[in-house]
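**Student:** If you read the protein sequences in the order shown, they are chains A and B.
Going by the numbering used here, the first sequence opens with residue 24, and the numbers climb by one from there.
Going by the numbering used here, the second sequence opens with residue 95, and the numbers climb by one from there.
Honestly, the hints are just simulated from the structure, not real lab data.
Please note that the accuracy of each hint is not assured.
[Said to hold, decoys possible] One side of the interface only, derived from the structure: several residues of chain B facing chain A at Cβ under 10 Å: (1) V98; (2) Q128; (3) S140; (4) S191; (5) F196.
The beta-carbon is built from N, C-alpha and C at its ideal position, and this holds for glycine as well.
Listed below are the residues making up each chain.
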Amino acid sequence: GAVVSQHPSRVICKSGTSVKIECRSLDFQATTMFWYRQFPKQSLMLMATSNEGSKATYEQGVEKDKFLINHASLTLSTLTVTSAHPEDSSFYICSARDSTVSSYNEQFFGPGTRLTVL
Amino acid sequence: KQEVTQIPAALSVPEGENLVLNCSFTDSAIYNLQWFRQDPGKGLTSLLLIQSSQREQTSGRLNASLDKSSGRSTLYIAASQPGDSATYLCAVERDSSYKLIFGSGTRLLVRP
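Build out the structure end to end from the sequences listed, making use of the hints.
**Tutor:** Structure below.
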């Protein structure tokens, strides 16, 4: 099956710093990727839709200036958490959809990035 | 606003038992429904996808059903094994935007 990777898998940073998380589709092209956040023992909440070559669209309540998304190529989307605070500590997961498949939508998920802000 | 609920929140069963996980959604106008598995601290693995026009899908020991009119889906796991222990998430795609709305999950423990 298709593989999505995330880097780093785990990051610890100081409050006020910025952190970049990468999401890559390794063996397929993805014009659309999604970023989710998951707090402990809770479900995934969609943060934003990342579109290759255009601006990301954010879900209601998600600050676009705090969570910067760049989708510069068909295989890479990045999420930058700017001026991180402890409340941003969470598990961030990306997913990607194979652009060449025109039928049903199967999304492939990355392994997640654990962010801890001290 | 679409809401997805999963019951029970946690389930513990002895090995070999057949079990059913439940998922309900408030808006029956869905595009498709997916079941995922998540191991602790890991990402998601897609198990089954049911399109809105379908009633069920099967893969090995797993069978998922969909009843759009009642807003329900079930995931049936036959002959459970300790390796099935994980959190199971259902998610609905509300339209052709590919956005998924997730339930809170069922944490399954299969005891040897």
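**Student:** Are the hints correct? Go through all of them and say.
**Tutor:** The hints, checked one at a time:
1. V98: 8 Å, holds
2. Q128: 8 Å, holds
3. S140: 6 Å, holds
4. S191: Cβ of S191/B sits 8 Å from chain A, so the hint holds.
5. F196: 4 Å, holds
This entry satisfies every hint, going by the numbered hints stated previously.
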